[in-house]
Structure formats: structure tokens, C-alpha cells
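The sequence shown begins at 1 in my numbering and counts up one residue at a time.
Hints listed in this document are in silico derivations from the structure and should not be mistaken for laboratory results.
Hints are supplied without guarantee of correctness; some may be wrong.
Pair ranges (Cβ atoms, derived) [claimed, not checked]: (1) Thr42 to Asp117: 40 to 50 Å; (2) Thr85 to Ser176: 55 to 65 Å; (3) Asp117 to Trp259: 26 to 36 Å; (4) Leu49 to Arg242: 35 to 45 Å; (5) Arg41 to Ala254: 20 to 30 Å; (6) Lys317 to Thr277: 46 to 56 Å.
Where a beta carbon is used, it is the ideal one built from N, C-alpha and C, also for glycine.
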Amino acid sequence: MRFLTEQDVAALLPLEAAIDCANQAFRDHAAGLAFDVPRVRTKTEHGSLHILQAASTTLDAIGFKAYFPGRERRVFHTQLIQLSTGMPLALVESDELGIRRTGAATAVATQALARPDASVVACFGSGRHGLTQLRAVCAVRPIRSVRIHGRDPGRLQRFADQIHETLALSVSIAKSAQEALDGADIVNIVTRADTPLFDGALLKKGQHINAVGSNALNRREIDLQAVRRANVLVVDSVDVARNECGDLLPAIEAGLRHWHQIPELGQVLIGRHPGRTSADDISLFESQGMGILDLYAAHHVAEAAARHKAGTMLPIKGHPAPG
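Could you put together the complete structure from these sequences and hints?
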């Protein structure tokens, strides 16, 4: 079995490759070729463990990602196993992998749902995922300028400098959510907010929203008005969203939406749902995270590592089944 570090992942999983992996994962899931188990969380007063599981007949792979997001230490690993034989293939450190595959999901959704001419992005959230989310959108749309908004002026300035240096885009710091949203074509939201960040009435026709941070019941980035106004509402996985989408559950409880009416991104990609049908549609992608995204990204990293003889081989092969 091959052990791959965060440095290996950074070298072997460029964002473009992660986007291709996510695209295939969503398509395979919709076609019944990939299988996903919603995240399981084990929480104690001292820390928590989170596990996502998935399998793919296309890749002949099965596996899981387990992570411990501690205050003093963060541990993220994906275990990759050959589906047909049970042979352990790779153990992949997966903090950076998780950031890139989350950005990749946003790229796939933006490619499928945003207007082709979208060129202005409003960003809410300047944390660890913020830049990768923006890079992902830039990979699939001709982005010219960015507005960023948040509560910490110093952090926003650092984020603006990072965007300018990394992506060479025009960046402005918006004084209000309304200022950020006015004229924006795409809205990226990736925060840990527990109350909505803006009034949904501020959304304009034609906008596309990527809501990425609401993967727990106590998190909300958008309000009921935003959900109500979305002509096109798509999730990565209905099963996952049922468990942990803090943005949507209040709308479900209020009767504004019903789970059986909400398509998954993979269904849009393979043509089972039309997605955006008008330039005036407001489209909303709710992303909670799926194990198939980790599986497909880790599989790419493992195959690339084998070609480049990267990583460290461990003497772990499993044991033959008893006769």
C-alpha cells in the first residue's frame, strides 16, 4: 500500500484534475455506478471524528475518508481499497485533497448552472476554502472582477492581496452585503455562519449562488427568501442534504421546498434535469460534501503517484480470505 502525504497531494492533484474527478464522480453517482454513504459524525466533549464512505465500479475502488478537525491537530486520511480484490491501494493525507475536491464540486456546479457570460464574483468567506472556491469558478467562467465582504477588515485585506497576487483579478472590498451582491453574476459563500449573511431579497435575476459552508444543522448562510427565490435549486446529494443542510431544512419544514422536487447535480450533468433554462433564473447549488469526491480524487492521486513512483510503500496487503 502506498502512503501519500499532503505534499504529494499538492503536487499530484492540480485543480483542473480535481474538477475532472468531481465531474466524473457526480455523473457516475447519477448513473448508479458510484455509491455514497452520508457522513457519520462521532462527537465527544474532547473532539470528534467524521467519516465519509464511497465506492465506484468505474474505478474498481471502495474506501473512506476519516478526519479529526481538532484545535491543536488536524488529521485527515483517505483509505483507498481495490473493490474487486480487497487489496489496500493507498492511504492519502487528505486535508488539501478535501479543499481541492470541494472547490472542484463548485466548479462543476458553476459550469452546469451559471450563465456562460458570468464575469463578476461576490465572495463571502475568506478562510481556508475561500481562494480555492474562487479559483474553481475562474477555471470555468471568464471572471474579470471580485467583490469580497466579511466582518474582519484585516482578514479581508489579506484575502484581497492573495486574490490579486494569485489570480491577477480586480478586487474590491465591499462595505455591505448589498454592495458585494450588486452586479455580481456568481456568489460564492463558504463560511461557518449560523445566521444568514444577507437578505435573499438582494439577489438579482440571473445570479448563481454556490453555498458551501452549511454542512451542519446549526449553520445557515442563506435565508428562506433566498431559497424561495431560487428558480433552480440543486444539491450534491439529497441523502446528505437531508442529514445536514442547515440552509435547506428550515425551508423544508416551512413547506417552501420538498426533497423529491430537488435534483442532484449529477442528474443535471447527465441530462435528467434541465438545470438553468433562462438567463434570468436564479440558480442555487447547496454543497455539503460527498465521499465519492474524496474517493475519485484520492484514486487520481494514487494512480499519478504510481506513475511517478511517488510516496512511501507500506508493507500492508491485507490477508487472504480463509478457505
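To see whether the hints hold, each was checked on the structure:
Distance hint for Thr42 and Asp117: a CB-CB separation of about 46 Å, consistent with the stated range 40 to 50 Å. Against the hinted window of 55 to 65 Å, the Cβ-Cβ separation of Thr85 and Ser176 comes to about 57 Å, which satisfies the hint. Taking the beta carbon of each, Asp117 and Trp259 are about 32 Å apart, inside 26 to 36 Å as hinted. Between Leu49 and Arg242 the beta carbons are some 21 Å apart, a value that contradicts the proposed interval 35 to 45 Å.
Separation of Arg41 from Ala254 is about 26 Å and conforms to the stated range, judged on CB atoms against 20 to 30 Å. At roughly 52 Å, the beta-carbon separation of Lys317 and Thr277 lies within the given 46 to 56 Å, and the hint holds.
In summary, the structure is inconsistent with hint 4 from the numbered list given earlier, while agreeing with all the others.
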